[in-house]
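Participant: Below are the chains, spelled out letter by letter.
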Amino acid sequence: MQSKVDIDWEQIDQIITRYESDKEALLMIMQDISDIYNFVPPEVVPVLAEKLGVRKSHIFSVATFYKTISLVPRGKYIVHVCTGTACHVRGAEKVMDALKAEFKAQEGETTVDGLFTLEGVRCIGCCASGPVMTVNKETHGGLDRSSALKVIENYRNLSS
Amino acid sequence: MAKLQNREALEDLRNSLQAKSQKGHRLISLCAGSGCGAYGTAKVHGMLLDELARHNLQDAVRVKLTGCHGFCEKGPIMVIHPEGIFYPQVTPEKVPEIVEKTLIGQQLVDKLVYKDPVTRKKISHESEIPFYKLQKRIIFGNNGLIDPTSIEDYIAVGGYAALAKALFDLTPQNILSEVKKSGLRGRGGGGFPTGIKWESCRRHEGQRYVICNADEGDPGAYMDRSLLEGNPHSVIEGMIIGAIAIGSNDGYVYVRHEYPLAVTNLTTALQNARRFGLLGDNILGSGFDFDIRISRGGGAFVCGESTALMASLEGKPGRPRAKYVHTVEKGFREGPSNLNNVETWANVPVIINRGSGWYAGIGTEKSKGTKIFSLVGKVVNTGLVEVPMGTTLRQIIFDIGGGIPKKKQFKAVQTGGPSGGCIPEQFLDLPVDFDELSKVGSIMGSGGMIVMDQDTCMVDVARYFVDFLKDESCGQCNPCREGLKNMLDILTDICQGRGREGDIELLEELGMMMQKFSLCGLGTSAPNPVLTNILYFRHEYEAHIRDKKCPAGICKPLFHYEIDAEACTGCHVCFQKCPQEAVAGDKKKPHRIHQDKCIKCGICYDGCKFDAIKIC
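First to last, the sequence lines map onto chains W and P. Counting along the first sequence from 1, when you hit position 87 you're at 87 in the working numbering, and nothing is skipped either side. Counting along the second sequence from 1, when you hit position 121 you're at 121 in the working numbering, and nothing is skipped either side.
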């Protein structure tokens, strides 16, 4: 499988070395790779298999078990709308519906321009500030339809 | 800073830090927990530093970014010491006036002072606010006083004194005995007596592991997050003491991926602890070695289950195994492993410092100590609440929580996360502890308390939990995998108007099957939300199935909004707010809704001040 991404193999090596090539750290290694590329490029898998001494099937097993790992490209901004119970009770679904309409995408999908990926997450831990969403590593709380859309607009402007 | 070579060096450092803390000196504590962070603390902090510099006060006034204060509804929170003046909901725009009037002018900014929503009285000092006053914050209290990235702050408030006691004054057997006598039970939801768990682990030979479960998967619960972010050293200290008692040199903290600030603050805390000789080889010159590594989760709720967590720690998919052999005998890497929750670990230094007798004096007969609850949902004062075990639901939700906002009716409180149930009004005077709530079909769980009002549809709540659990099921065993899928199909049908006679009985049958035959706790407790809902709110299920109606106005195919012409004042607000232009009417005349245009978004219903929009 080939993704259309330029991979910095030295960086990948550094990540693996940081975890001492420990196969127990496989999930964290993939997360660190994902922090750079927003997903785990499939061509990295055989390299990981060799350096960590595990089978490729094991790596696919771990990558597909954990929600935070994606083997397909995701948008520049990953929008996680919290759909935990406290946010749900305060109207998180309305925020999610507004974003689905704005992005013309369902949960798990990326906008056509590759800018935003919309995902639901079951609890970010800001339960008293709900409804909450994170965009990459930034958290935004106390949202409703219009404030959520404003947040997205700001990121769009940052990009243009 | 050189390593502390012995206990005396630690005490000398503590004394000098306490002397230096200059009581009476101005200190501003800004809550930097994730909740306030989401409301914008960083910008407030920036503005505060600018304003202090502008007035040349940057040396006279210290600003500390602290851990979560707990009163999350009112964030970003600022407390000015030494008086303890409390300013809620601080924005960058309010900062210049606070600096000018309060810091320089020594006066309160009246319009910014906290107003109790129930009594409408203004309360300027933190200690007088009912939300805080009625709590007993023996575990959480230090969060608002310390900078979590500073080990010196933790030492200054008494940190690591319990560790010194455990290393030099007590034997491992003494420690085990103290923890057993204290009556401490696991705070993650299981409630197993901690001292007995430690003792069992110690009995098994091999390389033993001490693990902290910081996966905190229950949606709506964030106590562990705030403890790890705000006071990571309390957890580290607890783990080292546990390791001494159990006989282990290797510790792990498994933190869920969704808590990046907790990982950062814990990493800093571990580095600081090593630097000071409180972690690593030869701790405080005692000859005892122990270190802790952090492992991050991958977004899987099931990894909160102990065997799944340990599989995940080993770099494998987090699939639970049947517990014929307990993890204290064979767990992580097949070695004896002791797993405890974050809050459980944070209780340990308190018990060692103040004694099991003191600790056992708090709480009920079988549930000792305090519990931190995450009080969220439809409640006035949302936040983290720490109270003695045995406090009633009513006291937590109404006295501390301030009751239901917007004058709505209390309907139920959901406790115990996806393993728990919804408790209706008639049980509000139940004391909360490990055993009482199970008498009415729920559990205390890890401490999530989600308050629901009249606008919550209980069938939708059941559907919501089953939807969550179906996604999170590891899929290994039939009862859970197939049971949840089928329960979801039935509940979705009910919510969309396709419910049939016999559906309720079928849900009950599926539920009982899953409770008996699932492989792990996720499956066996998954039916709890559904079964308790049916028990207490059967009439709502029947309305959905027989009348095809959703009385709470949530399941869109089963209700519509109508404007009551007699209550409507023609204020025109719904007309202006409706995104679909579905409201018609002239100002000061009764309005009406065009049903064919209405998408039931609820904006008009939420916005009407005259209760004129009805759910039909």
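Think of the hints as simulated: they come from the structure by calculation, not from any bench. Careful, some of the hints might be misleading.
[What the hints assert, rightly or not] One-sided and incomplete, this derived list gives chain W residues near chain P with beta-carbon spacing under 10 Å:
hint, residue
1, I7
2, D8
3, W9
4, M28
5, T68
6, C127
[Stated by the list, open to error] Derived lysine-lysine pairs resembling DSSO-like cross-links, with alpha carbons at most 27 Å apart:
hint, chain 1, residue 1, chain 2, residue 2
7, P, K516, P, K548
8, W, K137, P, K64
9, P, K549, P, K485
10, P, K407, P, K180
11, P, K407, P, K614
12, P, K316, W, K94
13, W, K23, P, K407
14, P, K180, W, K94
15, P, K609, W, K56
16, W, K67, P, K485
17, W, K94, P, K407
18, P, K43, W, K76
19, W, K150, P, K470
20, P, K407, P, K111
21, P, K470, P, K407
22, P, K577, W, K100
Since the model is a prediction, treat every value here as computed from it, not as a measurement. The beta carbon of each residue, even a glycine, is placed where N, CA and C say it ideally should be.
Participant: With reference to the structure, classify each hint as holding or not holding.
Facilitator: Evaluated hints:
no.: 1; hint: I7; result: 22 Å, violated
no.: 2; hint: D8; result: 22 Å, violated
no.: 3; hint: W9; result: 22 Å, violated
no.: 4; hint: M28; result: 5 Å, holds
no.: 5; hint: T68; result: 4 Å, holds
no.: 6; hint: C127; result: 4 Å, holds
no.: 7; hint: K516(P) / K548(P); result: 32 Å, violated
no.: 8; hint: K137(W) / K64(P); result: 23 Å, holds
no.: 9; hint: K549(P) / K485(P); result: 24 Å, holds
no.: 10; hint: K407(P) / K180(P); result: 46 Å, violated
no.: 11; hint: K407(P) / K614(P); result: 16 Å, holds
no.: 12; hint: K316(P) / K94(W); result: 36 Å, violated
no.: 13; hint: K23(W) / K407(P); result: 55 Å, violated
no.: 14; hint: K180(P) / K94(W); result: 48 Å, violated
no.: 15; hint: K609(P) / K56(W); result: 61 Å, violated
no.: 16; hint: K67(W) / K485(P); result: 19 Å, holds
no.: 17; hint: K94(W) / K407(P); result: 22 Å, holds
no.: 18; hint: K43(P) / K76(W); result: 24 Å, holds
no.: 19; hint: K150(W) / K470(P); result: 33 Å, violated
no.: 20; hint: K407(P) / K111(P); result: 24 Å, holds
no.: 21; hint: K470(P) / K407(P); result: 35 Å, violated
no.: 22; hint: K577(P) / K100(W); result: 20 Å, holds
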